[in-house]
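Participant: Sequence:
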Amino acid sequence: ATVLIFVINRRAFGWSLPLTVDPVLLLETLALAILAALLAGLYPIWRMARTRPAEALRME
Numbered sequence: 551a552t553v554l555i556f557v558i559n560r561r562a563f564g565w566s567l568p569l570t571v572d573p574v575l576l577l578e579t580l581a582l583a584i585l586a587a588l589l590a591g592l593y594p595i596w597r598m599a600r601t602r603p604a605e606a607l608r609m610e
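One point on numbering: in my numbering, the residue at position 20 of the sequence shown is 570, and numbering is uninterrupted.
These aren't lab readings, by the way, just hints derived from the structure by calculation. Among the hints, a few may not be true.
[Unchecked claim] Quick list of simulated restraints, FRET-style, between CB atoms:
#, residue 1, residue 2, range
1, Phe556, Leu582, 24 to 30 Å
2, Leu569, Pro603, 49 to 55 Å
3, Leu577, Phe556, 23 to 29 Å
4, Phe556, Thr579, 19 to 25 Å
5, Thr570, Met609, 46 to 52 Å
6, Val553, Trp596, 43 to 49 Å
7, Leu585, Leu607, 43 to 49 Å
8, Leu575, Thr552, 17 to 23 Å
Computed from a predicted model, the values in this text were never measured in an experiment. Even for Gly, the Cβ is constructed at its ideal location relative to N, Cα and C.
Modelling step: build the complete structure from the supplied sequences, incorporating the hints.
Facilitator: Have a look at this one:
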């Protein structure tokens with residue numbers, strides 16, 4: 551996609567798309583992804599913390 555935007559579009563059509571990355575948006579996205587991963591892991595962790603190890607091994 552990068553080659554298409556910066557090379558082919560510029561040569562064939564005379565224009566290109568500006569590529570700007572906002573560092574604040576990048577950090578917010580990273581923080582949201584980490585928060586979502588933590589929230590998705592809370593229920594399995596909580597459930598396994600309540601079971602005894604012998605029962606957990608027996609279920610496998």
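Participant: Confirm or reject each hint.
Facilitator: Results for each hint:
1. Phe556 - Leu582: 24 to 30 Å: Cβ of Phe556 to Cβ of Leu582: about 29 Å, so the range 24 to 30 Å holds.
2. Leu569 - Pro603: 49 to 55 Å: At 52 Å between Cβs, range holds.
3. Leu577 - Phe556: 23 to 29 Å: Because 25 Å falls inside the window, the suggested range holds.
4. Phe556 - Thr579: 19 to 25 Å: 23 Å, holds
5. Thr570 - Met609: 46 to 52 Å: Holds, at about 51 Å.
6. Val553 - Trp596: 43 to 49 Å: 47 Å, holds
7. Leu585 - Leu607: 43 to 49 Å: 32 Å, violated
8. Leu575 - Thr552: 17 to 23 Å: Cβ of Leu575 to Cβ of Thr552: about 19 Å, so the range 17 to 23 Å holds.
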